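Number of protein chains: 2
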Amino acid sequence: MQTRIIPLRRQQPSFDMHPYPSITAPKMSLTDQEVLGFRYQADMSSGHAYHDLPPALACLPDEMPALWRTASHQNPLEWEQQLISAFSDLSGVHSLKRLPYCRPCPTASNSIDLCATLLKRFSWRTALVEPTFDNLALILRRRGVPLCAISECMVFDAEPQELKQWLKKNRIDVLFIVSPTNPSGRCLSVQRLDIISRLCTRMGITLALDSSFRLYNRELFDDVDILLRNQTRFIAFEDTGKTIPTLDTKASLIYSSADLAKELEELYNEVYLCCSGLSLALLTRSFELAKDAGLENVLWRLVDQRRSRLRSALVGTGLSVAPESMHSVTGLEWLTFDAKEYNDLQVCTLLEEYGVAIVSGRQFYWASSVLAEHQCRVRLSMMKPEHNFERALQILRLLGNQGGLFCRSKK
Amino acid sequence: MQTRIIPLRRQQPSFDMHPYPSITAPKMSLTDQEVLGFRYQADMSSGHAYHDLPPALACLPDEMPALWRTASHQNPLEWEQQLISAFSDLSGVHSLKRLPYCRPCPTASNSIDLCATLLKRFSWRTALVEPTFDNLALILRRRGVPLCAISECMVFDAEPQELKQWLKKNRIDVLFIVSPTNPSGRCLSVQRLDIISRLCTRMGITLALDSSFRLYNRELFDDVDILLRNQTRFIAFEDTGKTIPTLDTKASLIYSSADLAKELEELYNEVYLCCSGLSLALLTRSFELAKDAGLENVLWRLVDQRRSRLRSALVGTGLSVAPESMHSVTGLEWLTFDAKEYNDLQVCTLLEEYGVAIVSGRQFYWASSVLAEHQCRVRLSMMKPEHNFERALQILRLLGNQGGLFCRSKK
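The listed protein sequences correspond, in order, to chains A and B. Take the first sequence: its letters are residues 1 to 411, numbered as in UniProt numbering. Take the second sequence: its letters are residues 1 to 411, numbered as in UniProt numbering.
Check the hints yourself; a few may be wrong.
Calculated lysine to aspartate or glutamate pairs in the EDC-like style (CA-CA distance at most 20 Å, straight line) [to be verified]:
id: 1; chain 1: B; residue 1: K97; chain 2: B; residue 2: E296
id: 2; chain 1: A; residue 1: K97; chain 2: A; residue 2: E324
id: 3; chain 1: A; residue 1: K169; chain 2: A; residue 2: E159
id: 4; chain 1: A; residue 1: K27; chain 2: B; residue 2: E265
id: 5; chain 1: B; residue 1: K27; chain 2: A; residue 2: D225
id: 6; chain 1: B; residue 1: K27; chain 2: A; residue 2: E159
id: 7; chain 1: B; residue 1: K120; chain 2: B; residue 2: D225
id: 8; chain 1: B; residue 1: K291; chain 2: B; residue 2: E152
id: 9; chain 1: A; residue 1: K97; chain 2: A; residue 2: D304
id: 10; chain 1: A; residue 1: K27; chain 2: B; residue 2: E263
id: 11; chain 1: B; residue 1: K97; chain 2: B; residue 2: D304
id: 12; chain 1: A; residue 1: K27; chain 2: B; residue 2: D225
id: 13; chain 1: B; residue 1: K97; chain 2: B; residue 2: E265
id: 14; chain 1: B; residue 1: K340; chain 2: B; residue 2: E373
id: 15; chain 1: B; residue 1: K27; chain 2: B; residue 2: D52
id: 16; chain 1: B; residue 1: K27; chain 2: A; residue 2: E265
id: 17; chain 1: B; residue 1: K27; chain 2: B; residue 2: E373
id: 18; chain 1: B; residue 1: K169; chain 2: B; residue 2: E152
Not everything, but these chain A residues come out facing chain B in the computed CB check (under 8 Å) [claimed, not checked]:
id: 19; residue: D62
id: 20; residue: T249
id: 21; residue: H374
Read the hints as simulated data drawn from the structure, not as lab findings. These numbers come from a predicted model, not from an experiment. All residues carry an ideal CB built from backbone N, CA and C; glycine is no exception.
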């Protein structure tokens, strides 16, 4: 007997103060789509860490009272110092401690905004990688940074000479890159970062580095050490919100080379005195526990298992892994589809009808979303509570068994 | 026998990554001073809520595990809805629930930044109250908002006709006011807000309202109801960080009239998906507990007692309450001094030598800090742990007994 699935009604929102359009209404940003995704039973839209606490971190809720009491006897600079120290130990970025300025922002987007404000201040012409999450481009543009797009291939794969020519031809002041990449989940290697860093130094280019997904990288290394050794001018930031499932309780360390530290401090102090001591204590403790248990046990194995389960469930659905994302290390899956008559928004709408919320791919192509070849990707996040993830897999499996997502529409 | 006090050595910082200049180095912002203040044994500099948890909220640390577990079964929109509901109940601003858009930012400065970005978008000429905390002007200027200063007297005391003439003469598009005021601790009355709101509506002026210190107001009222009834175009924000001592774990609700909601949503979504569920759950619970116990017991009595103790301790020191701040309701004290040959920076330096960190007054006069009459105020925050507050009082009392702050220098 075969179960027949029918399109599901969206969960009725339990409150009515927010508008409730389709997830693929025109001109939506990715975050617009993610906000709407909250209302779906199988919400795979946002890339935030919403998975269940791994066993090694399961003690965190019960440790909160003690963390609070300890933090209440410390000052904000001590909270920060402990966070930086624990993060350095976990990530291997020991050179963070050698930097003259490193402070936490409440979210990675706040760090992006500080970067944007700094780049704007110098009117620096900035090459931002494409594809990438659209809020990077939205915030940089909002702050008036002159932007042009550099392809992921150029950043990751091009011959150094070719990259150099491109940077020169486009009169680039700042190279703004993301590693691991969002959506495709690629990591800059030690060797590639060294090449890029030395190139930037020689050309007087500032490197801006979004390391929000760093802890997914299976080959962690001290990238700050490379930048310091090469005397590259840089600004960079981290994030905990993509990896540690603390209900969006997060911190984003932002730091720079010494020659930008004074400007960064001025901009930081315009907006922040400090971050939540409770959040910083919680994240510090998370880093310590993750270090003790190993990222293999706290994060990587879960990602690999979920990727494996998802890829199995995709069989027969008409959705498949995008070739450039085949070796992704992150908790995101970047998908393509084999129905040429559909675009990304239509695929999202089809899945939406079955109760699965994902985000469309075109917005990641922030400078070229109108191109047809940039409308054939969708992104799905796997870092969700197990029951939500399994619910999405069930729906995908049923779709696969019934001829796929595009079958019903084709008839 | 009289105890003789000598200037204290500053506490040695336990880490050396931050620069460590004098608290009154040139061109410091107030936040610059507050960051340095963290290092002082009697740090009265920042206006954040660093006092001990009041008895009615003392259960909060132990409730964190349960709050975490409950929040983990809810989505971010539910976290927010509960926060808004509890805040409305505590503050009496029930009309918040009638607004089409109301979301939390991590900090009040993030809300200021969203306001600034919105005002810039419309190129609105903005009158910002003076004196006020300097980050309002710094952020508005940073975002390119055309600014001019409107005096606190004009906002609070002028005849409506005079205020109207001033707004007209200066071609104002946005009136940006703060209530209760920081530093002077004055509150707009129902009647005064109604006058201003109606004036704004008639003149097509947008009202921007910083209500960060709202809960200090002993006569809480539903200001949003007034703005809605008068059909005033407005944008406004709240803050918990000035009142609830949760180690800088805070949320700042930002909201607007319907005609600005779409723009506000777009700007919010560029930067935020949501805030920490743990922070929002904690603050929701704080509001509930404060509502049950009454703000009288949770906040106001402490403020009044500390103000009384501080004012007693000031006798003989050469410092006294600024006349415009005599009836302040907030946890801040705005002081003047009777040594005409000293300015505010010098007074801060003198107190700094005794281990007391406060902030200088001139930066609050963000448009006119060079005027001599704007260099004769300092601000002190009373919302500190009891032992820090008492330590500051001890130092002030000893100074008072020994001829005052200016005695030694005069000799």
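How the hints compare with the structure:
no. : hint               : in the structure
1   : B/K97 with B/E296  : violated, 25 Å
2   : A/K97 with A/E324  : violated, 35 Å
3   : A/K169 with A/E159 : holds, 15 Å
4   : A/K27 with B/E265  : holds, 13 Å
5   : B/K27 with A/D225  : violated, 33 Å
6   : B/K27 with A/E159  : violated, 47 Å
7   : B/K120 with B/D225 : violated, 27 Å
8   : B/K291 with B/E152 : violated, 31 Å
9   : A/K97 with A/D304  : violated, 32 Å
10  : A/K27 with B/E263  : holds, 13 Å
11  : B/K97 with B/D304  : violated, 32 Å
12  : A/K27 with B/D225  : violated, 33 Å
13  : B/K97 with B/E265  : holds, 16 Å
14  : B/K340 with B/E373 : holds, 10 Å
15  : B/K27 with B/D52   : violated, 32 Å
16  : B/K27 with A/E265  : holds, 13 Å
17  : B/K27 with B/E373  : holds, 18 Å
18  : B/K169 with B/E152 : holds, 17 Å
19  : D62                : holds, 5 Å
20  : T249               : holds, 4 Å
21  : H374               : violated, 21 Å
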